[in-house]
Amino acid sequence: MFTRVANFCRKVLTRESDSDIQEQSHTVNDVVIIPRAQHTISRKDISDNALKVLYRLNKSGYEAYLVGGGVRDLLLNKKPKDFDITTNATPEQVRKLFRNCRLIGRRFRLAHIMFGPEIIEVATFRGVHSDNNDKNESQQANNGMLLRDNVYGSITEDAHRRDFTVNSLYYSADDFTLRDFTGGLQDLQQGVIRLIGDPETRYREDPVRMLRAIRFAAKLDMRIETVTAEPITRLAHLLREIPPARLFEEALKLLQAGYGYPTYQLLREQNLFKALFPLIDKHFTPQGDSNMEKILGQVLKNTDQRLQNGKRVNPAFLFAAMLWYPLVERAQELTQESGLAYYDAFALAMNDILDEQCLTLAIPKRITSLVRDIWQLQLRLPRRQGKKAYKLMEHPKFRASFDLLLLRAEIEKGEVQKLSYWWDEFQQADMQRQKTMLNVLGDEPSRHRRSRRPRKNTAKPQ
1 MFTRVANFCR
11 KVLTRESDSD
21 IQEQSHTVND
31 VVIIPRAQHT
41 ISRKDISDNA
51 LKVLYRLNKS
61 GYEAYLVGGG
71 VRDLLLNKKP
81 KDFDITTNAT
91 PEQVRKLFRN
101 CRLIGRRFRL
111 AHIMFGPEII
121 EVATFRGVHS
131 DNNDKNESQQ
141 ANNGMLLRDN
151 VYGSITEDAH
161 RRDFTVNSLY
171 YSADDFTLRD
181 FTGGLQDLQQ
191 GVIRLIGDPE
201 TRYREDPVRM
211 LRAIRFAAKL
221 DMRIETVTAE
231 PITRLAHLLR
241 EIPPARLFEE
251 ALKLLQAGYG
261 YPTYQLLREQ
271 NLFKALFPLI
281 DKHFTPQGDS
291 NMEKILGQVL
301 KNTDQRLQNG
311 KRVNPAFLFA
321 AMLWYPLVER
331 AQELTQESGL
341 AYYDAFALAM
351 NDILDEQCLT
361 LAIPKRITSL
371 VRDIWQLQLR
381 LPRRQGKKAY
391 KLMEHPKFRA
401 SFDLLLLRAE
411 IEKGEVQKLS
421 YWWDEFQQAD
431 MQRQKTMLNV
441 LGDEPSRHRR
451 SRRPRKNTAK
461 PQ
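Sequential numbering from 1 applies to the sequence shown in the working numbering.
Hints listed in this document are in silico derivations from the structure and should not be mistaken for laboratory results.
All clues given are correct.
In the BS3-like style, the derived pairs of lysine-lysine whose C-alpha atoms are separated by at most 25 Å in a straight line are: (1) K301 / K274; (2) K301 / K413; (3) K52 / K81; (4) K79 / K301.
All values derive from a computational prediction rather than experimental measurement.
The whole structure should be built from the sequences, with the hints applied where relevant.
Next up, the structure:
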């Protein structure tokens, strides 16, 4: 994966090419400037809309650079998901240049320039914090977390305010040069995720950086540099201070971007998974062979495979599978403690599990309602006599529920596996075969039929 960027980096970083670098590139303070002839980024690989924004900012007298993941991915010969721009123009100045611009955010003031479905994000160079900053520009909590960060500065200050060295590379559409302030090119070559600055300080400023380190390591198949990794396990508790809505968005980026399984492994390794999914973490075993761990590993591998094949994935299915065994355990506890029928205990358990999970991840109601549908169908799938099978197949979430049944069957075997075989055959059978299968079911005694309660004696005493 790194062949292209490694060859490029050798040109600008190895001793053999020192003389060439002195002729063709130069340093300003701590920045290495690489000319077009020595890097592989081409404008044909950059969004036309991003180029329009860069050109207009430059034409208006402002500095403007492509920065972050877009530059990193271009160097790795990957197609960037989006293109971010940084400039010395303030958000208000950017808005004056673009009618299709809106300003967002209080914590980080940003300009979003809209081109139909594509959004080009423009940020002003971030500066260094000081005690003299106005609290409306910069605000920091007692624990070190940044509550507001609208202090503007130079490109050099901006580079050192970014999170990781591989994200601190700047491309200029004005002279086509590449600027490296923090050794990001060398880290790309060596496959290293390295935090800029003191790791503990930077994690305290924004604990989500710990999750981002994991995400980039898994996504880019890199290793987290030792000093960057060291504080993560002992600072994992800081994630409790992050709003659940933000953690939900981060969880989707971690688990539904095509590399969910290696991300999950790294999250467990660094003690971060518990901060996101405490209910699930309770079911982990030293051997790693619990039903919870088996279904979690399989659903993440399946999700990665679907995304690699260009198929869509639904977060509702992922959460339904991940939380299935905590749900079953809670339903069984309620049945034993209260004497409720299992169906009623199951309904209460759904509320308990979703409410508890939403304390850490604010899963939107539109998703939790689908999770409930998938779960409820698990109880209905065994009851398939007569016309029930056809009605179940008409349910909008039948396919997702059947997929969950297949996952359970791989793990639980026995009756669940027999049920999955039956439904698989029934869906593929012609009408005559389906009738035969239903007739066979009709001849079997129901093993789950509820016994009728004796009718209360309502006769009035004489």
